[in-house]
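Undergrad: Model the placement of chains L and H on the given structure of chain D, informed by the hints.
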Amino acid sequence: MTTPILEVRDLKVEYSTAAGPAEAVSGVSFDLAPGEFLAIVGESGCGKSTLLFSIAQLLTYPAETVGGSVKFDGVDLTTLSAEELRQRRWRDISVVMQSAMNALNPTLSIAAQLADACRAHTDWDDDKIAHRSAEVLNMVSIDVTHLKSFPFQLSGGMRQRAMIAMALLLEPKLIIMDEPTSALDVVAQRSLMRQVENLRRELGFAVLFVTHDMSVVSHFSDRLAVMYAGEIVELGSTREVFDRPRHPYSSGLMDAFPSIVGEMKELTGIAGNPPSLVNPPSGCLFAPRCQFATDECRQFRPELITVDGLAVRCHLVNPRVAK
Amino acid sequence: MKRPHLLRLLAAAGRFLRRDKKAMAGSIILFVLLVITAFPSWFTPDDPAAEIYSPGMALSWAHPLGTTSFGQDVFSQLMAGTRQSVMIALVVGFLCTILSVAVGVTAAYSGGLVDDALSLVTDVILVIPTFPLIIVIAAYTKSASFWTIVFVLVVTGWSYGARQLRVQALSLRNRDYLLAARARGEASWYIISVELIPPMTSLIVANFLGAALYAVLAAAGLQFVGLGNVNTESWGTMLYWAQNNEALQAGLPLWALAPGIMIAVLGSALALLNYAFDEVSNPALRPVTTKRRKKAAA
Amino acid sequence: MTDAVLKVDKLSRFFRVGGFRSAGTLHATDEVSFEVAPGEIVALVGESGSGKSTIARVLAGLYPPTSGTITFEGEVQGKRTSRKVRGRMPMVFQDPFGSINPVLRVGHSLHRSLKLHRPELDQAGRDAEAVALVERVGLLPGAEVLRRYPHELSGGQRQRLGFAQALASRPSLILADEPVSMLDVSIRIGLLNVMKGLRDQEHVSLLYITHDLASARYVADRMIVLYAGRIVEEGTTEEVIAHPEHPYTRLLMATAPDPRLPLSHDTDVEDLGEPPKVINPGPGCRFAPRCPLAMDQCRISTPALVSLSATKRVACFAVEQS
Numbered sequence: 000m001t002t003p004i005l006e007v008r009d010l011k012v013e014y015s016t017a018a019g020p021a022e023a024v025s026g027v028s029f030d031l032a033p034g035e036f037l038a039i040v041g042e043s044g045c046g047k048s049t050l051l052f053s054i055a056q057l058l059t060y061p062a063e064t065v066g067g068s069v070k071f072d073g074v075d076l077t078t079l080s081a082e083e084l085r086q087r088r089w090r091d092i093s094v095v096m097q098s099a100m101n102a103l104n105p106t107l108s109i110a111a112q113l114a115d116a117c118r119a120h121t122d123w124d125d126d127k128i129a130h131r132s133a134e135v136l137n138m139v140s141i142d143v144t145h146l147k148s149f150p151f152q153l154s155g156g157m158r159q160r161a162m163i164a165m166a167l168l169l170e171p172k173l174i175i176m177d178e179p180t181s182a183l184d185v186v187a188q189r190s191l192m193r194q195v196e197n198l199r200r201e202l203g204f205a206v207l208f209v210t211h212d213m214s215v216v217s218h219f220s221d222r223l224a225v226m227y228a229g230e231i232v233e234l235g236s237t238r239e240v241f242d243r244p245r246h247p248y249s250s251g252l253m254d255a256f257p258s259i260v261g262e263m264k265e266l267t268g269i270a271g272n273p274p275s276l277v278n279p280p281s282g283c284l285f286a287p288r289c290q291f292a293t294d295e296c297r298q299f300r301p302e303l304i305t306v307d308g309l310a311v312r313c314h315l316v317n318p319r320v321a322k
Numbered sequence: 000m001k002r003p004h005l006l007r008l009l010a011a012a013g014r015f016l017r018r019d020k021k022a023m024a025g026s027i028i029l030f031v032l033l034v035i036t037a038f039p040s041w042f043t044p045d046d047p048a049a050e051i052y053s054p055g056m057a058l059s060w061a062h063p064l065g066t067t068s069f070g071q072d073v074f075s076q077l078m079a080g081t082r083q084s085v086m087i088a089l090v091v092g093f094l095c096t097i098l099s100v101a102v103g104v105t106a107a108y109s110g111g112l113v114d115d116a117l118s119l120v121t122d123v124i125l126v127i128p129t130f131p132l133i134i135v136i137a138a139y140t141k142s143a144s145f146w147t148i149v150f151v152l153v154v155t156g157w158s159y160g161a162r163q164l165r166v167q168a169l170s171l172r173n174r175d176y177l178l179a180a181r182a183r184g185e186a187s188w189y190i191i192s193v194e195l196i197p198p199m200t201s202l203i204v205a206n207f208l209g210a211a212l213y214a215v216l217a218a219a220g221l222q223f224v225g226l227g228n229v230n231t232e233s234w235g236t237m238l239y240w241a242q243n244n245e246a247l248q249a250g251l252p253l254w255a256l257a258p259g260i261m262i263a264v265l266g267s268a269l270a271l272l273n274y275a276f277d278e279v280s281n282p283a284l285r286p287v288t289t290k291r292r293k294k295a296a297a
Numbered sequence: 000m001t002d003a004v005l006k007v008d009k010l011s012r013f014f015r016v017g018g019f020r021s022a023g024t025l026h027a028t029d030e031v032s033f034e035v036a037p038g039e040i041v042a043l044v045g046e047s048g049s050g051k052s053t054i055a056r057v058l059a060g061l062y063p064p065t066s067g068t069i070t071f072e073g074e075v076q077g078k079r080t081s082r083k084v085r086g087r088m089p090m091v092f093q094d095p096f097g098s099i100n101p102v103l104r105v106g107h108s109l110h111r112s113l114k115l116h117r118p119e120l121d122q123a124g125r126d127a128e129a130v131a132l133v134e135r136v137g138l139l140p141g142a143e144v145l146r147r148y149p150h151e152l153s154g155g156q157r158q159r160l161g162f163a164q165a166l167a168s169r170p171s172l173i174l175a176d177e178p179v180s181m182l183d184v185s186i187r188i189g190l191l192n193v194m195k196g197l198r199d200q201e202h203v204s205l206l207y208i209t210h211d212l213a214s215a216r217y218v219a220d221r222m223i224v225l226y227a228g229r230i231v232e233e234g235t236t237e238e239v240i241a242h243p244e245h246p247y248t249r250l251l252m253a254t255a256p257d258p259r260l261p262l263s264h265d266t267d268v269e270d271l272g273e274p275p276k277v278i279n280p281g282p283g284c285r286f287a288p289r290c291p292l293a294m295d296q297c298r299i300s301t302p303a304l305v306s307l308s309a310t311k312r313v314a315c316f317a318v319e320q321s
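Residue numbers (numbering that gives the first Met the number 0), protein chains in the order written: chain D, 0 to 322; chain L, 0 to 297; chain H, 0 to 321.
With the rest of the complex left out, here is chain D (with noise of 0.2 Å):
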């Protein structure tokens, strides 16, 4: 068992609102191997990039970190001053953003920025800079001519690897996604997931990645955890989930899709909305929309119970022993 390159335990997010704090983040705790691609699959609002944000430490009000502790290679970054957290930045952890448009300098060219990266993390000279930054644009097959490129000048697809590229330029251990791939065609989608899983192949770094459409990262994550109302509800290998989800929700989410293959049936989706994170419903999050909801489930906020290696927070699959 080597230990693992994230222990996230217990993790709480709060935001302030009007109406008095809202409980984003719930107690959220998993582990994150060297290498192992995990991705987090909920709907809109159900706290998943949130979850991102608070592990990279990156939240400002009105979102706050209130509980829990981030491990990084045995560190904990809930501890670290700020000074302390911006040397590891980038090079541990570096975040991949939804949309490239909006991530990149639209006045600066590719080279600039990834040299704004560079000075900004290191202290190398500026050949060594274009040597690096020639470098990661080739291992996501961006022709070096681009360095000169502003983000306006590059596809889509491409904007979205050059983010990649920047992610990449001081081999992290670990690579945050938050929905890289939303802003994307089918087609360019398909491209940068194989460029992201060839790469890590061969670099050996983690990926922890968040999106709402589980369709993209089922056939590259290793795990999967789907993520309701701020806790996480299922966890397990991505297989094991997408073939036999055990959770109402999950199963609710996985019948949500429509297929290009096999036969046609009627789809019906998950009835309901998310609960209120000011006012959460006291036991099971999920029963006001649950159909096999039982008293239980009501007035007893289940745990997040892992058997043979599947995590499950459902008192039908890991039924509660009465204290």
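FYI, nobody ran anything at the bench for these hints, they're computed from the structure. Each residue gets a CB set at the ideal place from its N, CA and C atoms; glycine is no exception. Hints are not guaranteed to be accurate.
As the list claims (entries may be wrong) - If you want the footprint, here are the derived chain H segments under chain D, 3+ residues with CB under 8 Å:
#, stretch
1, 183-193
2, 212-224
3, 246-252
What the hints assert, rightly or not - DSSO-like cross-link-like pairs, simulated, lysine-lysine; straight-line CA separation at most 27 Å:
#, chain 1, residue 1, chain 2, residue 2
4, H, 6, H, 78
5, H, 276, D, 147
6, D, 264, H, 276
7, H, 195, D, 264
8, D, 172, D, 70
9, H, 9, H, 311
10, D, 127, D, 147
11, H, 78, H, 9
TA: Structure of chains L and H alone, referenced to chain D:
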């Protein structure tokens, strides 16, 4: 559906003013000045024009700010003068805003030749140096009444706002909800007035405040130079007379300082409200308050 | 063959791009021809740059066509779209957060549509109809929803509202421009079912514009695949899905993410390329640079749409020859 929107806006404005200290300060000052404008007789113990007191008196209970070289009560003059200055600010602000909205939004929405023509006019007027132009027009018209000053200030002051509003309208123009309105068959005038302008409200209000501020300072400047009607009561004309009678050298500093301070006060009130509204329309300008919650016991 | 609701003949829309000296013409959509029958859902499938949104906007009367004819309900359309046609062929937009005016109540645009297109109703009639429309698309309780502001509705609810608005004018064809692309995957099904319901119960046709083959398969009767402004393949949904002929259609099928399928590796090229921006194009197939079957002929002359069966058409020399 416009009335509910207005009420909603007023309620939101009320809440907002209570929250933001700048807005609160600005509104209080403005409110006081408006009361003085509406009921000057409550605040003028004496007839401001009556030259019945001994000239050149210093502070006293009877004359809180002393008297002028002509024997008039400075305080009464100051209060009476409030009306003209505040009215100029509000009227010019209002008219400038109407003109800016009409030109800026029409230019942005119509595009093409209409936009080019209106933008050209806007830019030309923008570039003309305002104060010399004001002086020329005021000197030319000779009558120097309240409405002349208003006219002069509006003609020279609308173009800045028109540019700002045009830019914002351009950014909103291709929002899907405007396309949707066109797709369902609405007429252009309807789209402009009901769908395009309401989301621009906060910028329009900020514009109004900016124009009013400009008017206060420019009007005072004109009157100080003697281009206003020197026989009416206003802060600018007080400055004119004070200057002409060498108030500072004659040992009557309050005669000159008091109107100057009042101009600054009105200007500040408008500027404070303007900053506050800028924050409403551009959330990026809002102050980042770091509220620290006590961490829950682990 | 019943009369088509919509008949588009050689529709083109070009845009001038570039500055003063480097002016070029962007061929957003180039000589596109197709038909939509009553009570039918036709999917226009393509990636960015395919021209699918341009076609929708031209049909919705937001731009005039550069050339070509549009025949709607038997009448040839002129440059300006009449109010009646706007009512009979309304559009549903893609962005749930941008397509509703944020400062007006949700019921406002519905009431406006009713006022403009249903003159036979009086105020009371309009109020009742607005509630009925909103409930028809699954937003309950109707009267309460109509009084809300857009920020009080979720993305899925706003898109349903978009369909309610389109229904207000008693349309025969709804132009749906990527209505579910910006929604979470789990919410899309609800909207797709609304669309199916409109076809099955109200007998309304839909032109469903999308880049997602799976959702097109779920709702559409026929599919038209677009690439770089041109139609490359057309047929019934099952035909196109089960037997894609054009190399681009095959590429789309192979790269469409579907967890139930094993990952296909026949497209093992690392960079699968991107659709071009078609500025001042010459002759030749526009897919040739990326096409595994490209021949010399493909780069010189433009393949025309050839009928392979009563319902199937493909524009590809390689397919013609086999």
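Undergrad: Out of the numbered hints, which ones does the structure contradict?
TA: 6
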